[in-house]
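Sequence lines, in order, name chains V and P.
Going letter by letter, the first sequence gives residues 551 to 926 in my numbering.
Going letter by letter, the second sequence gives residues 14 to 332 in my numbering.
Hints were generated in silico from the structure; no laboratory data involved.
One thing to keep in mind: the hints can contain errors.
Label-pair distances were calculated between CB atoms; the ranges are [as the list claims (entries may be wrong)]:
#	chain 1	residue 1	chain 2	residue 2	range
1	P	LEU290	V	MET756	36 to 42 angstroms
2	V	MET756	P	ASN17	46 to 52 angstroms
3	V	GLY595	P	ILE237	32 to 38 angstroms
Computed cross-link-like contacts, DSS-like style, restricted to lysine-lysine with a CA-CA straight-line distance of at most 25 angstroms [unchecked claim]:
#	chain 1	residue 1	chain 2	residue 2
4	P	LYS286	V	LYS735
5	V	LYS915	P	LYS104
6	V	LYS786	V	LYS913
7	V	LYS569	P	LYS104
8	V	LYS915	P	LYS329
9	V	LYS913	P	LYS329
10	P	LYS213	V	LYS913
11	V	LYS844	P	LYS286
12	V	LYS913	P	LYS104
13	P	LYS213	V	LYS915
14	V	LYS844	P	LYS140
Built from N, CA and C at the ideal position, the CB exists for glycine as well.
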Amino acid sequence: MENNLKTKNPLLRLLGGTKYQFISIPIFAIICSLIVSAIIILIVGQNPLMAYKGLLQGAGVLSKNQYAAYQGQITDFMETLDKMTPMLFASLAVAIAMQAGLFNIGVSGQMLISGFIATIVIGYSREMSPILAKPLVAVIGVIVGALAGGLIGFLKIKFNINEVVSSIMLNYIFQYVISFFINTKYVDPVTRQSRNIGANARLTLMQVEIADFKMRIPIFFIVAILIAIVMYFFMKRTDHGLEISAIGFNRDAARYAGINVKRRTLYVMLISGGLAGLAGVTYYLGYQPSILPKSLSSIGFDSIAVSLLGSNNPLGIIFSSFLITVIDRGATYMRSAAGVEQEIAALMSGIILLFSAMGTYMKQKFSDLLIRNRRR
Amino acid sequence: MLNNIIIDGLSFALPLLIIAIGGIYSERSGITNLALEGLLGFGAFCGGLFMAFFSSHFAAANVPVYLSLLIASIGGTIYAALFATLCIVFKANQVISGVVINILSVALTGFLTRQINQNFFNQPSDKFQIGVFPRTSIPVLKDIPVLGGFFNNFYLFEVIILILLAITWYLLYKTRFGMHLRACGDNPQSVDAAGIDVNKVRFKAVLISGALSGIGGMCFAYSISANFSPTIYMGAGFLAIAALIFGNWRIMPTFVACLIFGFARSAGNEIGKAMQLSSSFFDLTMTLPYVLTLLLLIFFSDTNRAPRALGEIYDKGKR
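One chain only, chain V, in its complex shape (with noise of 0.2 angstroms):
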């Protein structure tokens, strides 16, 4: 049927077609965005397209004039892809919950918690073996994400407690408690940080000598991009994921379909809590090597919105991270390089993100402006 849509339009097309809409509209997301920060650089007096170079430049995605010793553009890029792991299990176990109806807004809370579990007892256990140790670190990492996910799932099917409010509590209690134990234990009196952990235990390998460069290796990054492979067919392969994202659909209309939806639920947050753990550990032990107490990180908010612009779609997400990543990693060399506040990339992400709450109203818009315009 939708190709007999014919109109002289072919954007019109593309927007409007329900085929393509899931990458058209985050495009055209991304476009307006981008539109919109360019008239704001241009305000405050400088060249945008300066600005969004040295944004990419910044990130190792375009070569910069010149670099220190042992640095280039693949330094760059693998550290943006450092940054980008974490990122991207985030945004999975966001687009995991959100598939199936459920919020996770708790994802920072449960980084935390399962990062900080995972340094004290193995990240400052610096005699074990790295082979032993780094997978340890991943294992435990998914455990407590999981058990702190399911704690929400639990509560929701147990006392009928929302899971956003829930997950906003658990975050504060978590990032108060935790900051206790490592400002009475575990701080180091300089940094005001948890102390370093080994790098016996930690996920990125750091100054690693490749063909003159010095780099950092994310050795997670794979895993992720696999997992969300994985996740993919998952969703729209298996009989499960199908049924997660009935309960997504419709929640009583797949109770009378005979779903175990309670069972579900508590299934789906497991899955998510223990992706965000992932990310815990990804972050607090691989792209830094110490926790800073009495703070979430930002990336578990993000996440939502990287799963929003990658239309909770596993492959999009792993684009939409990028994207996000890049822009949020570029920002302190454009400073430099273009002369633009550097909190202006956090601007744009803002924008960005923005412009893709709003995806399902132009989804919309956009299929009956077609179809109207396929009538005449």
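Given the coordinates of chain V, work out where chain P should sit on it, guided by the hints.
Okay, now just chain P, sitting in the frame of chain V:
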């Protein structure tokens, strides 16, 4: 010591209350409002901006301080219009919109503060100096034992908030508008059947929530740090959400919840100080409001009732 607990407790509880009342207006009309954090931050930013430019242009030192509350409230309203447009006009998911509005608010105010400081005051700073809010005491009453703390050395904005408490309580429970608003959250279809535009009522409710949050944000900026800076995003908006859930989406119980949160916080600090515990000890008392709310929800989830249509996008065709 008791005096300090009361003074600090009130100066924290009352701004929290006004934000929570904003949340109640929005949620009773059926719009889940996770954007309180962003609204209070943007309001405080507008107030701070006003103070940075105009505080020196007034002869009477107190005039700009009060005006800044008004500006903060207008700023909160304008920013809330964006949130309302997302949720109501564009029919976006309310939880997602709230999160996006918060992220955007942090980014926007951070960027603007830095850029304005750079362009107009020629200094790289992410703060606006706003000075201090006048405090006062009531002569005879402040000497009453124990209760005297309530009349001693309080910020004048606390009085404004108490007046607003009375007005908003009356508006929500005793007027036709308030009744329509509450009906929109419980049974929007019947409101529509009565010939009232549900979306219009909800839009107004969100704007009110922005105005109140803006004032609350500005009060926090005054009482905590005497400047506007990104530290304004310390989670007060989410604490307000905890308070309004604790108060079962009703104004007076929420007032009590805010007082409990405020006094628990100040008492924790004072006891910690008296026993000469390290400052890390405060981290544990800080969890109190959240633990309380969670326990309350676990034990009283039957009696705790959210507005029935909360979070649902109003659809005329649905029954």
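Q. Does LYS913 (chain V) lie within 25 angstroms of LYS786 (chain V) when you go C-alpha to C-alpha?
A. Holds, because 21 angstroms separates the two Cα atoms, which is no more than 25 angstroms.
Q. Holds or violated: are the alpha carbons of LYS213 (chain P) and LYS915 (chain V) at most 25 angstroms from each other?
A. holds, 21 angstroms
(Q) So if I understand the rule, the pair passes when the alpha-carbon distance is 25 angstroms or less; does LYS913 (chain V) with LYS329 (chain P) pass? (A) Holds, at about 20 angstroms.
Q: Starting from LYS213 (chain P), check that the Cα of LYS913 (chain V) is at most 25 angstroms away, please.
A: holds, 24 angstroms
Q) Per the hint of 36 to 42 angstroms, is the separation of the Cβ atoms of LEU290 (chain P) and MET756 (chain V) within bounds? A) About 38 angstroms separates the Cβ atoms of LEU290 (chain P) and MET756 (chain V), which means 36 to 42 angstroms holds.
Q) Is it true that the CA of LYS915 (chain V) sits at most 25 angstroms from the CA of LYS329 (chain P)? A) Distance of about 18 angstroms is within 25 angstroms: holds.
(Q) Check the hint pairing LYS286 (chain P) with LYS735 (chain V) against an upper bound of 25 angstroms on the C-alpha distance. (A) holds, 20 angstroms
Q. Are the Cα positions of LYS913 (chain V) and LYS104 (chain P) separated by 25 angstroms at most?
A. holds, 12 angstroms
(Q) Against the 25 angstroms threshold, does the CA-CA distance of LYS844 (chain V) and LYS140 (chain P) hold or violate the hint? (A) holds, 21 angstroms
Q. Does LYS104 (chain P) lie within 25 angstroms of LYS915 (chain V) when you go C-alpha to C-alpha?
A. holds, 12 angstroms
Q: Measure nothing beyond the straight line between the CA atoms of LYS844 (chain V) and LYS286 (chain P); if it is 25 angstroms or shorter, mark the hint as holding.
A: holds, 20 angstroms
Q) Would you say the C-beta atoms of GLY595 (chain V) and ILE237 (chain P) sit inside 32 to 38 angstroms of each other? A) For ILE237 (chain P) against GLY595 (chain V), whose Cβ atoms are near 34 angstroms apart, the range 32 to 38 angstroms holds.
In this structure, every one of the numbered hints holds.
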